[in-house]
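We have chain A already, so just place chains B, C, D, E and F on it with the hints.
Residue numbers (my numbering), protein chains in the order written: chain A, 3 to 137; chain B, 3 to 137; chain C, 13 to 110; chain D, 13 to 110; chain E, 46 to 175; chain F, 46 to 175.
Simulated from the structure, these hints should not be mistaken for laboratory data.
This one's a predicted model, so the numbers in the text were calculated from it and none came from an experiment.
Be aware that one or more of the hints could be misleading.
What the hints assert, rightly or not - In silico SDA-like cross-links for lysine to any residue, where the CA-CA straight-line distance does not exceed 20 Å:
| no. | chain 1 | residue 1 | chain 2 | residue 2 |
| --- | --- | --- | --- | --- |
| 1 | F | K143 | E | R94 |
| 2 | E | K143 | F | D144 |
| 3 | A | K54 | C | S80 |
Each chain is listed here by its residues.
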Amino acid sequence: MSNIKKFMYVNRRAPYGTIYAWESLEVVLIGAAFEQDVSLAFIDDGVYQLVKGQDTAGIGMKNFSPTYAALGDYEVTKIYVEKESLEERGLTLDDLQHLVWEDEDDDWAEKDSIRLVSCAELAQVFAEQEVMFNF
Amino acid sequence: MSNIKKFMYVNRRAPYGTIYAWESLEVVLIGAAFEQDVSLAFIDDGVYQLVKGQDTAGIGMKNFSPTYAALGDYEVTKIYVEKESLEERGLTLDDLQHLVWEDEDDDWAEKDSIRLVSCAELAQVFAEQEVMFNF
Amino acid sequence: MSILHLVNKSPYERDSLDTAVDYMLDGDTMLLIEDGVYAAMSGGKAASKISGMKVSVLGPDLAARGISEEKLVDGVTVVDYAGFVDLVESNDKVQSWL
Amino acid sequence: MSILHLVNKSPYERDSLDTAVDYMLDGDTMLLIEDGVYAAMSGGKAASKISGMKVSVLGPDLAARGISEEKLVDGVTVVDYAGFVDLVESNDKVQSWL
Amino acid sequence: MNLTIQVNEGPYQHQASDSAYFFTKAALEKGHEIFRVFFYHDGVNNGTRLTTPPQDDRNVVKRWSELAAEHDLDLVICVAAAQRRGIVDDGEAERNKKDATNIAPGFRISGLGQLVEGGIQSDRLVVFGD
Amino acid sequence: MNLTIQVNEGPYQHQASDSAYFFTKAALEKGHEIFRVFFYHDGVNNGTRLTTPPQDDRNVVKRWSELAAEHDLDLVICVAAAQRRGIVDDGEAERNKKDATNIAPGFRISGLGQLVEGGIQSDRLVVFGD
Chain A
3 MSNIKKFMYV
13 NRRAPYGTIY
23 AWESLEVVLI
33 GAAFEQDVSL
43 AFIDDGVYQL
53 VKGQDTAGIG
63 MKNFSPTYAA
73 LGDYEVTKIY
83 VEKESLEERG
93 LTLDDLQHLV
103 WEDEDDDWAE
113 KDSIRLVSCA
123 ELAQVFAEQE
133 VMFNF
Chain B
3 MSNIKKFMYV
13 NRRAPYGTIY
23 AWESLEVVLI
33 GAAFEQDVSL
43 AFIDDGVYQL
53 VKGQDTAGIG
63 MKNFSPTYAA
73 LGDYEVTKIY
83 VEKESLEERG
93 LTLDDLQHLV
103 WEDEDDDWAE
113 KDSIRLVSCA
123 ELAQVFAEQE
133 VMFNF
Chain C
13 MSILHLVNKS
23 PYERDSLDTA
33 VDYMLDGDTM
43 LLIEDGVYAA
53 MSGGKAASKI
63 SGMKVSVLGP
73 DLAARGISEE
83 KLVDGVTVVD
93 YAGFVDLVES
103 NDKVQSWL
Chain D
13 MSILHLVNKS
23 PYERDSLDTA
33 VDYMLDGDTM
43 LLIEDGVYAA
53 MSGGKAASKI
63 SGMKVSVLGP
73 DLAARGISEE
83 KLVDGVTVVD
93 YAGFVDLVES
103 NDKVQSWL
Chain E
46 MNLTIQVNEG
56 PYQHQASDSA
66 YFFTKAALEK
76 GHEIFRVFFY
86 HDGVNNGTRL
96 TTPPQDDRNV
106 VKRWSELAAE
116 HDLDLVICVA
126 AAQRRGIVDD
136 GEAERNKKDA
146 TNIAPGFRIS
156 GLGQLVEGGI
166 QSDRLVVFGD
Chain F
46 MNLTIQVNEG
56 PYQHQASDSA
66 YFFTKAALEK
76 GHEIFRVFFY
86 HDGVNNGTRL
96 TTPPQDDRNV
106 VKRWSELAAE
116 HDLDLVICVA
126 AAQRRGIVDD
136 GEAERNKKDA
146 TNIAPGFRIS
156 GLGQLVEGGI
166 QSDRLVVFGD
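Bound conformation, chain A alone (with noise of 0.2 Å):
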């Protein structure tokens, strides 16, 4: 066996109505030290997590949206938003943040980290994962 796993963090929650968003992007965080392959899959509600223009003031927590964009620092770069999803929430690329990583093999190149992606292709996805992990 390789030491370095595919793992999938799978996010189908809203932020802020739970905490399960700003948990399971805490496990991604810290998981992120231990060098593994890395994916994240935002499906039904959790593409709610990605919308830009967050403002928490009035709620009294913590706005943690701000922590997507730094995903890619972590060399987290595979986002992959679920089509239907959105579409279904009325939403498009352009109502979520843009969120990019800076590719080291090709001259620091700013790249994409989000991948639109059908509910088929992501469960294509799935299947070449090792590791689920669900909040």
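Just chains B, C, D, E and F now, kept in the frame of chain A:
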């Protein structure tokens, strides 16, 4: 204000998967001592609470379903079950416990506690209530 | 006697909005809070469920989730926590669709 | 690599069964536990969602909820906790649709 | 008006306790009376003084304790729910032979009748939960 | 096979901890190894020794402690989640200046890395939650 209020306990959760059904019933039992005008409504997955033949031995939890049959003794005699919720789940009244109470004013005649009502009818019952309890 | 129907869950995740809508009578009001506010976003599939109904939405919960007011379904009014209190007072009772 | 899809919520309350079904590939198995077992009751509106799929259901959770095995959708198999463990072993990984 | 507030979920996991707090605060600011805040189900976990939230996050428990001190609020934790979940005051520690307590300032443990009484005595019952 | 079990909900409110317990027990009985049981989110509330469930109900916390003693299980409570929710051992009490502890026998508090390690070291990760 009269000292007797119309209390409605609204039950929308299945039993055992979460504790809400059981801890809701505990409020009803305690509340009976306060001699209010009490009704219970079972809507959506709440109708599963009344399904007969529950056997919790295999999951190590207390089977609290016999408690519903005791509600008549606590003078809780108005138990509304929403028809649409039953039908959507493929259930009929025959799948539920037969809940009865004894009418003191009618020579202790045994009467049905369960009232099968449509959503529209139950909405009218809700309109007449003074306090809604939600779990 | 009028009811304030509180819905705090996403209409895409749970059945609570559907049932709340079924139980709304003339004169009742619905207030969307927490993840319930997503129902008030125009363009979403759930938006049609509340169109034409008397619906308010909690502003601080909208802002937290990045939903600007121009994205709301027509006719939905935004309230703050003080407005939430006023809605509780102006209706005869509250039904939380947990 | 095959997935064991765990569904623990009622299909009438949540969206998790719907999504799990969408993500089932050939060779995958679904296991219904806790309130998820209600999906396996024939006659319910959710029953059609799982028909024709490889679905197991946890017996102790069925019994607790008063569902006798003859009420199950055709083709659904009943397992106990030991069978649950075997399903985890015979699939390459587990996806819990929480 | 006179209000009873019911909180069904613990701190942090669900927004319920946050919403209940801001609603209660707004009601007080408008001059309404809070008859009681009743913590039920996992809501009893709002009453532990042992939490240490991150410094950049709100302190849910402390916020309730401070609001109670400021407005003389009656914060009641359901005893049956508390026993299941391990919220303990001096009386409970003695009764159930526990070697520690964890109840936070401003909270008290009492019976479910306190919720029913809230329903009877208050003009409105408002429930926050999952 | 070698398993890591994750529990996301506290005792009693949700069935998650019950299901995780019976699954873990069944896996042990079949001769599998449990690398670790990791308690996250409200799952950390499974690790308080202060519960007193009704006599006719199961004791969720005690059941975990006993299973751990019998099979030398590694029951790990996430430190960040525990701090938010008030689960405290001696070390945490000292660090955060708490005047009491509530951790149950057989549990230990550690970092999220323990969950990630479980994902790496185990053949399967099985998550129980809401």
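Violated hints - listed by number, lowest first = none
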